[in-house]
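Peer 1: Each chain is listed here by its residues.
There are 2 protein chains.
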Amino acid sequence: MTATVHPLRDKREPSLEPIISLTAPAMNSVNTVILDRMQSKVPLIPELAGHLIAGGGKRMRPMLTLASAALLDYPGARHHKLAAAVEFIHTATLLHDDVVDGSDMRRGKRAANLIWGNPASVLVGDFLFSRAFELMVEDGSLKVLRILSHASAVIAEGEVDQLTAQRQVETSEEHYLAIINAKTAELFAAACRISPVVAEAGEEAEEALESYGRNLGIAFQLVDDAIDYSSDEATMGKDRGDDFRDGKVTLPVILAHARGTAEDRSFWKAAMLGERTSDQDLVHATSLINSTGALADTMERARHYGRRAIDALAMFPTGRSKAALTEAVEFAVARAY
Amino acid sequence: MTATVHPLRDKREPSLEPIISLTAPAMNSVNTVILDRMQSKVPLIPELAGHLIAGGGKRMRPMLTLASAALLDYPGARHHKLAAAVEFIHTATLLHDDVVDGSDMRRGKRAANLIWGNPASVLVGDFLFSRAFELMVEDGSLKVLRILSHASAVIAEGEVDQLTAQRQVETSEEHYLAIINAKTAELFAAACRISPVVAEAGEEAEEALESYGRNLGIAFQLVDDAIDYSSDEATMGKDRGDDFRDGKVTLPVILAHARGTAEDRSFWKAAMLGERTSDQDLVHATSLINSTGALADTMERARHYGRRAIDALAMFPTGRSKAALTEAVEFAVARAY
Numbered sequence: 001m002t003a004t005v006h007p008l009r010d011k012r013e014p015s016l017e018p019i020i021s022l023t024a025p026a027m028n029s030v031n032t033v034i035l036d037r038m039q040s041k042v043p044l045i046p047e048l049a050g051h052l053i054a055g056g057g058k059r060m061r062p063m064l065t066l067a068s069a070a071l072l073d074y075p076g077a078r079h080h081k082l083a084a085a086v087e088f089i090h091t092a093t094l095l096h097d098d099v100v101d102g103s104d105m106r107r108g109k110r111a112a113n114l115i116w117g118n119p120a121s122v123l124v125g126d127f128l129f130s131r132a133f134e135l136m137v138e139d140g141s142l143k144v145l146r147i148l149s150h151a152s153a154v155i156a157e158g159e160v161d162q163l164t165a166q167r168q169v170e171t172s173e174e175h176y177l178a179i180i181n182a183k184t185a186e187l188f189a190a191a192c193r194i195s196p197v198v199a200e201a202g203e204e205a206e207e208a209l210e211s212y213g214r215n216l217g218i219a220f221q222l223v224d225d226a227i228d229y230s231s232d233e234a235t236m237g238k239d240r241g242d243d244f245r246d247g248k249v250t251l252p253v254i255l256a257h258a259r260g261t262a263e264d265r266s267f268w269k270a271a272m273l274g275e276r277t278s279d280q281d282l283v284h285a286t287s288l289i290n291s292t293g294a295l296a297d298t299m300e301r302a303r304h305y306g307r308r309a310i311d312a313l314a315m316f317p318t319g320r321s322k323a324a325l326t327e328a329v330e331f332a333v334a335r336a337y
Numbered sequence: 001m002t003a004t005v006h007p008l009r010d011k012r013e014p015s016l017e018p019i020i021s022l023t024a025p026a027m028n029s030v031n032t033v034i035l036d037r038m039q040s041k042v043p044l045i046p047e048l049a050g051h052l053i054a055g056g057g058k059r060m061r062p063m064l065t066l067a068s069a070a071l072l073d074y075p076g077a078r079h080h081k082l083a084a085a086v087e088f089i090h091t092a093t094l095l096h097d098d099v100v101d102g103s104d105m106r107r108g109k110r111a112a113n114l115i116w117g118n119p120a121s122v123l124v125g126d127f128l129f130s131r132a133f134e135l136m137v138e139d140g141s142l143k144v145l146r147i148l149s150h151a152s153a154v155i156a157e158g159e160v161d162q163l164t165a166q167r168q169v170e171t172s173e174e175h176y177l178a179i180i181n182a183k184t185a186e187l188f189a190a191a192c193r194i195s196p197v198v199a200e201a202g203e204e205a206e207e208a209l210e211s212y213g214r215n216l217g218i219a220f221q222l223v224d225d226a227i228d229y230s231s232d233e234a235t236m237g238k239d240r241g242d243d244f245r246d247g248k249v250t251l252p253v254i255l256a257h258a259r260g261t262a263e264d265r266s267f268w269k270a271a272m273l274g275e276r277t278s279d280q281d282l283v284h285a286t287s288l289i290n291s292t293g294a295l296a297d298t299m300e301r302a303r304h305y306g307r308r309a310i311d312a313l314a315m316f317p318t319g320r321s322k323a324a325l326t327e328a329v330e331f332a333v334a335r336a337y
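Those protein sequence lines, which keep their order, are chains A and B.
Take 1 as the starting number for the first sequence in the UniProt record's numbering and just add one per residue.
Take 1 as the starting number for the second sequence in the UniProt record's numbering and just add one per residue.
These are computed hints drawn from the structure, not numbers from a lab.
Because identical chains cannot be distinguished in the list, a pair is counted as satisfied if it fits within a single copy or across any two copies.
Heads up, simulated DSBU-like pairs for lysine-lysine below, C-alpha to C-alpha not over 35 Å straight-line:
| hint | residue 1 | residue 2 |
| --- | --- | --- |
| 1 | K41 | K269 |
| 2 | K81 | K143 |
| 3 | K322 | K109 |
| 4 | K41 | K58 |
| 5 | K248 | K41 |
| 6 | K41 | K143 |
| 7 | K58 | K322 |
| 8 | K58 | K143 |
| 9 | K109 | K248 |
| 10 | K41 | K81 |
| 11 | K269 | K248 |
Work the whole structure out from these sequences, hints included.
Peer 2: Right under this line is the structure:
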């Protein structure tokens, strides 16, 4: 399995380039839908939405919808509108998240709530969410509507669950995995599952691609969590130490706390309550996360889910699409190095 | 027409009692759906949602769905789930509105955002909104999904539009009507339209009931606006003068400003910017709104839309349901007296 995750056949680092070029032509069409359907006669809506949507982001979730369709040789175009709906749901979630977290930055730019205020972010999020459903209704598949309305409810549930667990350093690994399964992996899973639905590829293909997306989503989130404490400079427009300073209880913290001495545990408790936010505190936190093996084991967990994502593709024929989806996982779990 | 709006055949005041008793048995079933579907394994969700949903409110919108179905002698039960979906969309909107407005009170109780914070209100709103779509998907009518996803987008657009027009005393009457058409009347219209859809009553009945709901919604909002400046003690858990102190530009203000002297206009401008919030300022505002005829004419506009709502029912046979829907309009426009 390790050979699959870290291919030795060429020396280059895993990259998103294959999945990006696989989906580039269809993504143009998705981008057209996105730009067209975020318009409104109320100018603030495209202004605010455009800041976030046009302003970057890897379009990871719609890209997965497109790559899943490519894997199935789906010849139609129905998934373009649905991929746009997925991106709208994601964008709505980001707008609301930034209000919930009081974020300063998003995708390397000032967060929309800082520029236009929380009220506008809440309401434009609601608008994009409604637009996502309008796009799905236009497509007309009740099965897709079921998948994405359920995913939206699960995401909101996961976000409320995370809010409840906020700053609680005793959160169990199981509970944390349930939270990121809901708030992150559910939409990855749904984004992948809707393509076999429109391609009428059958239940087995739906479950396989849902499993691919879900496991990739968990791996993706765990690596994000690890990057916050890694010694490398992080990419992703996210500063190292942000989670720590915000008192976000992530897997590295959960493991370091559980494995730590009584003194370590007091430190983590205080840190998560926002009482340890200096650079020196971050150095100490990073050192504990390394010495307890919490960082290495968070990455090990991420690779575990990454391997499961790749194995979920077993039923599909070898080829450019499968290679691109596989390398996307390898890229996700290689990011922290 | 006036005779229709103010029936002389009996001396009692118009009331909601006929529509309440018409819909009471079906409303029990709607309430069961509501209580069942606001549950979640995350305890904060039913706790917060229950505060607002169980804690009062007239269930005006689902009641309109039920009364419309009764008018059509629809024998089925599909509209129960859909009426619950309408109430969930409305509740989600209220939760987000209270965050947007920084409200202290809602339905005579402390607003949820004050008890559980803005983040929880935003996220539980998102959850209820998603649940509304899950309920509609379970019903399976793409036509209903189209109506309610479109309504949700229009509501959000109207809210953003109102946010943009906030505190701007020069807002035109046309612009203000467009705002309340979107943010209030659209959901009333949708609530009424979905019953003829499930009853397969035909396009003409759909348009008639949509028109009834839309005109009632506008009348309802205009009377709400008037009550804030009326000399009566208002009911509805809303304190008189709230809109004034919050700098909300409503039709009475728009008319009083437009008809006022230069001095009056300065007063209104300052008031809407939050620089005139004393009891004495409210007395002065109320006096201007009366002396310019702004209050009487806001009520006249409300009665105009009320008459249009009643006329929209012309095609339906006389009977208990039509009488109840008619009296609901009469009640709405009689509230300020």
